[in-house]
Structure formats: C-alpha cells, structure tokens
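Novice: Read off the chains here:
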Amino acid sequence: DAGVTQSPTHLIKTRGQHVTLRCSPISGHKSVSWYQQVLGQGPQFIFQYYEKEERGRGNFPDRFSARQFPNYSSELNVNALLLGDSALYLCASSSYAGDSGNTIYFGEGSWLTVV
Amino acid sequence: AQSVTQLGSHVSVSEGALVLLRCNYSSSVPPYLFWYVQYPNQGLQLLLKYTSAATLVKGINGFEAEFKKSETSFHLTKPSAHMSDAAEYFCAVSEGSNDYKLSFGAGTTVTVRA
Numbered sequence: 003d004a005g006v007t008q009s010p011t012h013l014i015k016t017r018g019q020h021v022t023l024r025c026s027p028i029s030g031h032k033s034v035s036w037y038q039q040v041l042g043q044g045p046q047f048i049f050q051y052y053e054k055e056e057r058g059r060g061n062f063p064d065r066f067s068a069r070q071f072p073n074y075s076s077e078l079n080v081n082a083l084l085l086g087d088s089a090l091y092l093c094a095s096s097s098y099a100g101d102s103g104n105t106i107y108f109g110e111g112s113w114l115t116v117v
Numbered sequence: 007a008q009s010v011t012q013l014g015s016h017v018s019v020s021e022g023a024l025v026l027l028r029c030n031y032s033s034s035v036p037p038y039l040f041w042y043v044q045y046p047n048q049g050l051q052l053l054l055k056y057t058s059a060a061t062l063v064k065g066i067n068g069f070e071a072e073f074k075k076s077e078t079s080f081h082l083t084k085p086s087a088h089m090s091d092a093a094e095y096f097c098a099v100s101e102g103s104n105d106y107k108l109s110f111g112a113g114t115t116v117t118v119r120a
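Note that the protein sequences, when read in sequence, are chains S and Y.
FYI, the numbering for the first sequence is 3 to 117, going by our numbering.
FYI, the numbering for the second sequence is 7 to 120, going by our numbering.
Extracted from the complex, chain S is given alone in its bound form:
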C-alpha cells in the first residue's frame, strides 16, 4: 500500500506569492494533519482535518489555510509568502484506532524556499 504522498517535493517561490501544497493520505485514513518544520527545529502543528472538517488549528496566521476533499486528500495554502515561511511542510495521516491509540504516519514533505 502507498504511504502518505505529497507534492510537489521541492519548490521555490518569491515573497508575496501564493503556494498550494497537496497531500494524499494512506488509503482508509480519514484524518490529515499539516506540520511546518523549520530547519533545525521540531515540526509545528498547523492544521488537522477529520472527515473533511477542521478539527484543530495551531498558532499560525490567517495566511495559512487548508481544506480536505471528499476523497480525504488535502491542500495547504499559504498566501502572501514571507521569507520565514521557508520550511519543510509535512503532511500526516491517521485513522482512529480506539484504545490502542492512533498512529500518525508522515509523508516525505514538501520543501518550500521563499526568496
């Protein structure tokens, strides 16, 4: 089975531009989360979607938005890009696993460089 897939893998944008990152979860997983990992730091939670509804939002400005589609794939959108948005953006998928706890699986990430 395919794991979490993300696209594009690398991209370069100019300050002020807009970017869309895409994610396909593991088959059968209904929850998708997005994380930002700045170089040298741990990932920071941005959004979580479950069954196409936003379930959680981290401490990120309104320039960041996301959505989940009926097939459970997801997009992360960032408007008005800043140099500080340069990071690895990780998508993660999971399914509710009851008392055994959910396991969250990550994709390879999308490297965004803002120049």
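Think of the hints as simulated: they come from the structure by calculation, not from any bench.
Cβ coordinates follow ideal geometry from the N, Cα and C atoms, glycine included.
Any given hint could be a false lead.
Using C-beta positions, here's what the derived DEER-type ranges look like [said to hold, decoys possible]:
#, chain 1, residue 1, chain 2, residue 2, range
1, S, 17, Y, 62, 47 to 57 Å
2, Y, 32, S, 5, 28 to 38 Å
3, S, 55, Y, 7, 29 to 39 Å
4, S, 117, Y, 46, 19 to 29 Å
5, Y, 32, S, 63, 22 to 32 Å
6, S, 29, Y, 83, 26 to 36 Å
7, S, 14, Y, 83, 20 to 30 Å
Footprint (simulated), chain S over chain Y, 3 or more residues, beta carbon under 8 Å [claimed, not checked]:
#, stretch
8, 51-64
9, 111-117
Given the coordinates of chain S, work out where chain Y should sit on it, guided by the hints.
Specialist: Below, chain Y alone, put in the same frame as chain S:
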C-alpha cells in the same frame, strides 16, 4: 496543554555503544508518546509509540523506550549503535486516542563514530 523536552540537541556515540536519548513530557491527561526518526532530507518515520499498555515499548531497528510516569519520562535506547542510526530523533506527545495533534520536542541529532 502537552509539551515535550528533549535533553541534549546532539549525541555522539561509538559504533556498538549504547544509544540513550532523553525525553520528558508534560501532559494534563494520560499521554500517548511517540518517537520518530528523520534521516537527512526525508520525512518522519515512526520508531515506536506508548499508548498506556506495556510501559516498555519495543520498536523498529532495535530501539525501545520505557514510560516512567513518576519521572514523566520516555527515554529511547538502543543497546548497540550502528552507523545507519545516524539521524535526527524526535519525541512527541498527544493527549489521548482522539487527539490527532502531536507536540514535538526540538530533536536530538545522533552521530555514530566508527
């Protein structure tokens, strides 16, 4: 709110030596705890997770971690380091099985000396 502290941003070990990576957590509810590994220019791979079953958790690649509630710790160990263990390791916590949000530590970079 939950949080994780990883003690030591860099750890250097000799090949064949014990690997010990420290993680302490804070959580207002019984936590779910995870260790992830990240190889250069790659995403995160799950090593192991604690979900309130056995306190000693065995993971992939010979790693294991022990949950100690009294010490609020979840340290990761491997008895004998291999060159392929060189990577960055992240401890993470979530607050229960219905919480899909992970809070990560800052990470520990492991280098293995031949």
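Novice: Now tell me if each hint is right for this structure.
Specialist: Right, here's what the structure says about each hint:
1. S:17 <-> Y:62: 47 to 57 Å: 50 Å, holds
2. Y:32 <-> S:5: 28 to 38 Å: Since the Cβ atoms of residue 32 of chain Y and residue 5 of chain S sit about 31 Å apart, the hinted range of 28 to 38 Å holds.
3. S:55 <-> Y:7: 29 to 39 Å: Once the Cβ atoms are compared, 22 Å apart, the range 29 to 39 Å for residue 7 of chain Y and residue 55 of chain S is violated.
4. S:117 <-> Y:46: 19 to 29 Å: 22 Å, holds
5. Y:32 <-> S:63: 22 to 32 Å: This hint holds: roughly 26 Å between Cβ atoms.
6. S:29 <-> Y:83: 26 to 36 Å: 34 Å, holds
7. S:14 <-> Y:83: 20 to 30 Å: For residue 14 of chain S and residue 83 of chain Y the Cβ distance comes to about 40 Å; the hint is violated.
8. 51-64: With 6 residues close enough to chain S, the hint holds.
9. 111-117: holds (count 3)
Violation of the numbered hints given earlier is confined to hints 3 and 7; the remaining hints are satisfied by the structure.
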